[in-house]
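A.B. asks: Next come the chains, spelled out residue by residue.
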Amino acid sequence: MPTPRDDGCTLTGALSVTTEIRDCATIIHGPAGCAHHNFSLLHALHAARDRVAPPALISTDMSEKEVIFGGEPLLEETLLQALSHHPEIVCVLSTCVAATIGDDVEAICHVPRTTPVLHIPTGGFLGGGFLSGHMEALRALSRLAANGEKALSVNLIGEKTLEYEVSEHFREVSRILQSMGVPVNARFVCATSVPEIRRLGNASLNILRDPSMVPLGRSLEDDLGIPFIESFPLGIEGTLRFMEEVGEALSIETSHAIANEEALQHEMVRTFSSLKGKRVRFSTQYPADGSSRLGYELADLFDLEVHEEGNPVPVPDPFPVGTNGIRRLLHRWKRGCHA
Amino acid sequence: MPECAGPLWPCGLTGAAACLSGFQEIGVVIHGSEGCYFYPVTTLHAPLFCTSLSDEDIILGTDEALFRTIDDISKNYRDIFVILSCVPSIIGEDVRASLEARYGDDLMVQVIDSPGFSGEYEKGYLSALSALTLPESEAMQDHVNIDGLSLLDPFWRGNLQEIARMLRLAGACCGVPLCSGDAGNDTDIAPWTVHTNPDLISGRGSSFGSMLGMEAMRETVRALEDRFPDSGGVLSGRHLPLAEERINAACDKYLRRFEPPTVVLSGQDASMQAVAGMLIEYLDAEILDIASRNVPVEGKYPSRWVRDYEGIREMLEQQAPDLVLGSSFEQTAFPSAAFVGVTPPLRGQVRLHARPLAGIEGALALMESVLNACIDHQKVS
Chain A
13 MPTPRDDGCT
23 LTGALSVTTE
33 IRDCATIIHG
43 PAGCAHHNFS
53 LLHALHAARD
63 RVAPPALIST
73 DMSEKEVIFG
83 GEPLLEETLL
93 QALSHHPEIV
103 CVLSTCVAAT
113 IGDDVEAICH
123 VPRTTPVLHI
133 PTGGFLGGGF
143 LSGHMEALRA
153 LSRLAANGEK
163 ALSVNLIGEK
173 TLEYEVSEHF
183 REVSRILQSM
193 GVPVNARFVC
203 ATSVPEIRRL
213 GNASLNILRD
223 PSMVPLGRSL
233 EDDLGIPFIE
243 SFPLGIEGTL
253 RFMEEVGEAL
263 SIETSHAIAN
273 EEALQHEMVR
283 TFSSLKGKRV
293 RFSTQYPADG
303 SSRLGYELAD
313 LFDLEVHEEG
323 NPVPVPDPFP
333 VGTNGIRRLL
343 HRWKRGCHA
Chain B
5 MPECAGPLWP
15 CGLTGAAACL
25 SGFQEIGVVI
35 HGSEGCYFYP
45 VTTLHAPLFC
55 TSLSDEDIIL
65 GTDEALFRTI
75 DDISKNYRDI
85 FVILSCVPSI
95 IGEDVRASLE
105 ARYGDDLMVQ
115 VIDSPGFSGE
125 YEKGYLSALS
135 ALTLPESEAM
145 QDHVNIDGLS
155 LLDPFWRGNL
165 QEIARMLRLA
175 GACCGVPLCS
185 GDAGNDTDIA
195 PWTVHTNPDL
205 ISGRGSSFGS
215 MLGMEAMRET
225 VRALEDRFPD
235 SGGVLSGRHL
245 PLAEERINAA
255 CDKYLRRFEP
265 PTVVLSGQDA
275 SMQAVAGMLI
285 EYLDAEILDI
295 ASRNVPVEGK
305 YPSRWVRDYE
315 GIREMLEQQA
325 PDLVLGSSFE
335 QTAFPSAAFV
345 GVTPPLRGQV
355 RLHARPLAGI
365 EGALALMESV
375 LNACIDHQKV
385 S
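Quick mapping for you: the protein sequence lines, in order, are chains A and B.
Residue numbering for the first sequence follows my numbering, beginning at 13 and increasing consecutively.
Residue numbering for the second sequence follows my numbering, beginning at 5 and increasing consecutively.
The hints are simulated quantities; they were obtained by calculation from the structure and are not laboratory data.
Using N, Cα and C, we set each Cβ at its ideal position, and we do this for glycine too.
Just to be clear, a hint being listed does not mean it is correct.
[Claimed, not checked] Every beta carbon over 10 Å from chain B, so not counted as near; a handful from chain A, in silico: (1) G82; (2) S191; (3) R230; (4) P239; (5) R253; (6) S267; (7) K288; (8) R340.
[Unchecked claim] Have a look at the derived ranges for each label pair, beta carbon to beta carbon: (9) A65/A - E372/B: 26 to 32 Å; (10) R100/B - P324/A: 43 to 49 Å; (11) Q28/B - E76/A: 29 to 35 Å; (12) G108/B - R230/A: 50 to 56 Å; (13) E76/A - E29/B: 55 to 61 Å; (14) E76/A - P306/B: 27 to 33 Å; (15) A65/A - D146/B: 37 to 43 Å; (16) I95/B - R210/A: 46 to 52 Å; (17) F262/B - V281/A: 52 to 58 Å; (18) P324/A - L246/B: 43 to 49 Å; (19) K79/B - P324/A: 53 to 59 Å; (20) L356/B - E274/A: 37 to 43 Å.
Full structure from sequences and hints, please.
C.D. replies: Here is the structure:
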């Protein structure tokens, strides 16, 4: 059935990246409706994350006139207006309409200017789905970074900025890294800035949000010489394994930090001991394989019987990050089980 | 005007989807890309379908994607409405002819031409509504339809409940609510209608008037009571005066301590005109400006068509009102003013219960919110 996943088009994917950069003006070359859809959704997420400023989006506000006569002059004029506000960078995103009428957006963006102007081809259906737009934007922005002297630090690559719990996930992965003495060099791209993107090449390791980012991880490895780990820490054992992998990649001693994390996990299991022996069913309709596996890991840990008539408990996809992510999830399971 | 920084209002496609998804047994297919589908489906919380057009479809023709989607859902829906997004409209395929050739009389499929570049939300909503059959039934003379309901509007449930209650008090039966999920394409509708949103007047049934704002409501109630005299005028004789008495008392108390607020309203024009009327009547408020989301109508109070966030921000900074009525965009743009949410979107807050904006309870709720916001604002400042 063609009716799609509920994650938007390439445009939304790219905007989930460009609107995370301070002092970046994003131009959407298309009808105002395309921009409103995304402006409204991003505004909702910003409001939920206590951000005061709404995303800096400018629509070229294409009308029937441009559909007939072409929209390039309108884009040029909008670009000049955007540049007059002196942003650090301008990202120009095309839409289905611009792509269908054949506007040469790339040529307009390619004109040399003092402020970088990046064209991110996001012609809705023409560019693929949400993930393609997300990836295209990250690829385009990664060209701002230069290879630099490596320090003991990591970059976080491809955070899912539209996730409701994106800040909690960041705090958790930062906590785990901090427990091993590893600072975060750059978030690529979440609540970031152009200078932060430029220093991407100074980290010793890239930590990808999830395996869908592997192609980007590879290209960053080629361009900047930074190896990568495929995913944020997920699950009980996965969190400990993540710490081992980071330790190995950075050649640092982590046994003490891992022992502390294990102790934290044991304490968490004691806190939720009222769950023991309950009968549950995973309420997420089609949990992804990875999430389902992590759900079973928790079920085993608490001797839960997974049965179709059990109490409904969520197994979110993406799965919550780290030990504290599991703690929040277990509160929801506890509520589901009336435990 | 090339720069439109942060467009505030949805396009015609979303309007058409908001209208059609408010009917039962209608399969709504958005003929476009996933992006065109994503916003309506996440904001309307109604089942919608999408052809998810790809670049291949654009090159080879979009018929196959459309047929595939319709075939998948045709067993579940008696009527199917296809909303054309920008791209099928641009490439100029004769979608109607293709559908006719494929389905003939076997399946009722209608096409709504509502590309985003050609008009805004209200236009799409009303265009879709005009395509529905909805025959008027003479047998429903004692019923009154309620129109102006939209799943996009955070007040639609409250408005429906409140106007249904008022119709019962007026001695009328509740007719068909347009468009809130209770009717099908060929459901009989009453020959009479009241409006909850003067910007979305359906044109179906003879109008008794609007239920938004006290001034309009008095007229509408009078017309209802003329038509249904058996109610004994309980609304105009008891309920309306009682509500006005309560509002007057609360506003009078407020004015004993505070100056009337200066106000900017932002939303659909005719609706904001009605709300502005109440603020002047009861609170002696000074209306500094009305920023209209849709093309302004000839109203009592001056208004401007403001389509983007930057425009709103500039207007609010220039006017510096004490009180802003609008959406969470306005709340964000000018956080130093007291704020009451009357326009979608209302983001960043949990909203569970059915709040009305229209009807007697809507008027009470509005004035209550205004007074509380103003009092809280005075405490802070």
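A.B. asks: Of the hints stated earlier, which fail here?
C.D. replies: The structure breaks hints 13, 15, 16 and 19; every other hint is satisfied.
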